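*Asks:* What follows is each chain in one-letter form.
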Amino acid sequence: MDDNQFQIANFKLQTERYIRQSRFAPLGEDGQRRLMAGRALVCGCGALGSAIANALVRAGAGLVRIVDRDFVELSNLQRQSLFDEQDAAAGTPKAVAAAEKLRRINSTVAVEPVVADVNPMNVECFCEGIDAILDGTDNFETRFLLNDVAVKSGIPWIYGGCVGAEGQTMTILPGETPCLGCLMETCPPWGSTPTCDTAGILGPIVGVIASIQAMEAIKILSGNRAAVSKSLTAVDLWQNRIRQIDVQKLLEAADCPTCKRREFPWLAGREGSRTAVLCGRNAVQITPPRAISSLDELAARLSPHFALVKNAYLLRFRAEDCEITLFADGRAIVSGTDDIGVARSIYAKYIGA
Amino acid sequence: MQIELNGENREAPEGITVADLLEVLKLAGKPVAVEVNRELVIKARHAEHHLAPGDRVEVVSLVGGG
Numbered sequence: 001m002d003d004n005q006f007q008i009a010n011f012k013l014q015t016e017r018y019i020r021q022s023r024f025a026p027l028g029e030d031g032q033r034r035l036m037a038g039r040a041l042v043c044g045c046g047a048l049g050s051a052i053a054n055a056l057v058r059a060g061a062g063l064v065r066i067v068d069r070d071f072v073e074l075s076n077l078q079r080q081s082l083f084d085e086q087d088a089a090a091g092t093p094k095a096v097a098a099a100e101k102l103r104r105i106n107s108t109v110a111v112e113p114v115v116a117d118v119n120p121m122n123v124e125c126f127c128e129g130i131d132a133i134l135d136g137t138d139n140f141e142t143r144f145l146l147n148d149v150a151v152k153s154g155i156p157w158i159y160g161g162c163v164g165a166e167g168q169t170m171t172i173l174p175g176e177t178p179c180l181g182c183l184m185e186t187c188p189p190w191g192s193t194p195t196c197d198t199a200g201i202l203g204p205i206v207g208v209i210a211s212i213q214a215m216e217a218i219k220i221l222s223g224n225r226a227a228v229s230k231s232l233t234a235v236d237l238w239q240n241r242i243r244q245i246d247v248q249k250l251l252e253a254a255d256c257p258t259c260k261r262r263e264f265p266w267l268a269g270r271e272g273s274r275t276a277v278l279c280g281r282n283a284v285q286i287t288p289p290r291a292i293s294s295l296d297e298l299a300a301r302l303s304p305h306f307a308l309v310k311n312a313y314l315l316r317f318r319a320e321d322c323e324i325t326l327f328a329d330g331r332a333i334v335s336g337t338d339d340i341g342v343a344r345s346i347y348a349k350y351i352g353a
Numbered sequence: 001m002q003i004e005l006n007g008e009n010r011e012a013p014e015g016i017t018v019a020d021l022l023e024v025l026k027l028a029g030k031p032v033a034v035e036v037n038r039e040l041v042i043k044a045r046h047a048e049h050h051l052a053p054g055d056r057v058e059v060v061s062l063v064g065g066g
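Line by line, the protein sequences give chains Y and S.
To convert, note that position 293 of the first sequence is 293 in my numbering; the numbers rise steadily by one, no gaps.
To convert, note that position 50 of the second sequence is 50 in my numbering; the numbers rise steadily by one, no gaps.
The shape of chain S in the complex, shown without the other chains (with noise of 0.2 Å):
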């Protein structure tokens, strides 16, 4: 199925979940911050989010720096 991922077309497979995705993108167990559809996902629904096809998701890193 197709994705929107921080604004770019992806291909995901069927019912992946929020937190299979960040496992793709390597950043499971790191500091992130998820939305679906404008809809905040917390971190305890991440493994229980099942994406949709068509679903705009915004994943973003959250840095130290400074």
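The shape of chain Y in the complex, shown without the other chains (with noise of 0.2 Å):
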């Protein structure tokens, strides 16, 4: 076969891969040919991550970048469903266990898996290039760190989050609509808000969130922002209620930081944790920038699920085979790791950030 016999076989394949999707007129040959040189981050690839990249890459975005710190255990496989029980057993890193299947499913695609922790440092260079960021992060601490990002680059990201049988979702398209600091003025503090390690999560709710993100993305991508969502989408599906809150107002009204007085703070380093290797012990500290809200309301949402040992100045449990000590002003000491990207997972996860 030479090279125009392979092109012309190539494009036939990728026509009848595609041809349900350009069949859709709003979409079309030309929609569909925008999103195949599309570049999507999926920045977390846990439950939300999952079902993002599964979507975009179906679809033929062309390239899927995937950024997670953390392994896959057999607890994920009830939401997360890119990963199988052999990937739980190997203990696989998520982005690379992600990657080879979505390889399987769709070898046109680039796939890029990326081992590592989002942080003030690294996360302008994961977002070199990229068109769309899809937040499948399991806490808001990333989630200002990728608005600031986003932000000051112009690029369109996609807020989601879950909890129990409820999930949001906001798309945030900068200079056009508010964004997640004028949503939220401020992180909330740091284990003040509920985790799906602590008050659980149910698979259904992902894939309803995951998929009104993986769709804001394929607008986006393909060219029809005028189709973005301008509201907040709120579903419960425990409730079965779906809400939808227009958030434009915000635009005007909100002093934010971030779109209006355009300081970053969260990209500067100067808002977010600090972690620090503990050396010679195993362990690794934690520091928030402010207080946690209350010990107290932590021990109620922790003390259902682990043996705690608790004083006036600290709480003690152990998960995934580390001890951690988390002091009043919400300082934590995770031991039984050197790996700051474990023990940020193990605070996230289990205290909230």
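All clues given are correct.
Calculated cross-link-like contacts (lysine-lysine; reagent style DSS-like; alpha-carbon spacing at most 30 Å):
1) S:K30 with Y:K310
2) S:K30 with Y:K230
3) Y:K249 with Y:K152
Below, a sample of chain Y positions facing chain S; criterion: calculated Cβ distance under 7 Å:
4) L48
5) G136
6) T137
7) C162
8) V163
9) T193
10) T195
11) A234
12) R243
13) I245
14) K249
15) A253
Derived list of chain S stretches under chain Y, where covered just means 3 residues or more per stretch with a C-beta under 8 Å from a C-beta of chain Y:
16) 23-34
17) 37-43
Because the hints were derived from the structure by calculation, they are not lab data.
In this text the structure is predicted, and so the values were computed from the model without any measurement.
Cβ atoms here follow ideal geometry from the backbone N, Cα and C, with glycine treated the same way.
With the hints as a guide, bring the two chains together.
*Replies:* Take a look at the structure:
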């Protein structure tokens, strides 16, 4: 087969693969071609990230870069749709396990796995050449960092979050729609919001929120920005409620440090937690910028699931082969690892960041 | 007075503000988006926005898992 024949065969193959998609008139063949040149960053590849990456790779995005700091565990399989028992037994990094699966699904998409903890130092590098950022993270700290980098570089990004049977999503088109800072003003105090590991999570809500996020990305990558949602969408699959809150008003109302004052405090490293490996102790110290809301409130959330040691100054419990000691000022020492990514992941899962 | 909160009727003290309501719901200081009669009430106005009988209030707690 010469080059030309190869290209014709390849074109036919691609046309056939995406025929049901390009037949949808608002997308069409032009939209499909733009989508196939589009580049997406999936930040975090747990439940939301798996489902988002799956949808985008099947749909034929040009490049899907997947960044995740975590490893597959058995307790992930109930909702994290790209992983299986083998991945859990082997403890494969999620980004790597996801990429292997995704390449078998669609070998024509460039899938780039990156095993890393996203932080102010590396986040801009991951966003290089990216057309849409998708939120698959499990904590607000990383979301505020993504919000800073997205607004600074003018890259659309799609917030999504889930806990229990409910979830929300909002698309941010920098300069056109309010950003996460407009909506939330500040990152909630560390330890103040429920996490999937303390409040639980059901698989189907992940599918709903991730599907909305993936559809928003398909609109953006295919050049259909006008179809992007201007609302915060909140879905509760247990109470059977779907709500859309028009947030456009925030664009004028909020004096947002990120999109109005363009200060990007998270990207500058002024906000966000600090970490230090404690030499010779196989432990990592994590210091959030502000005190946690309440040690008692956190103890109430953790006590049904962990044997807690608690006194006026600290809380201590074991999770994932590590011992976590949390002080009233929010500082935590995670013993049993010297890996900052592992320690930050544990903090986000059980305390909430 | 009666208000509708997240689709359900509920008794609330006369003239209660959005901020008071969040306090009652133990959501003060938590990340929320509040809508009254299909109109977003921005955080800076929570303490001065008084609810009226029959108001339809939606409180969305923003969640961080994923």
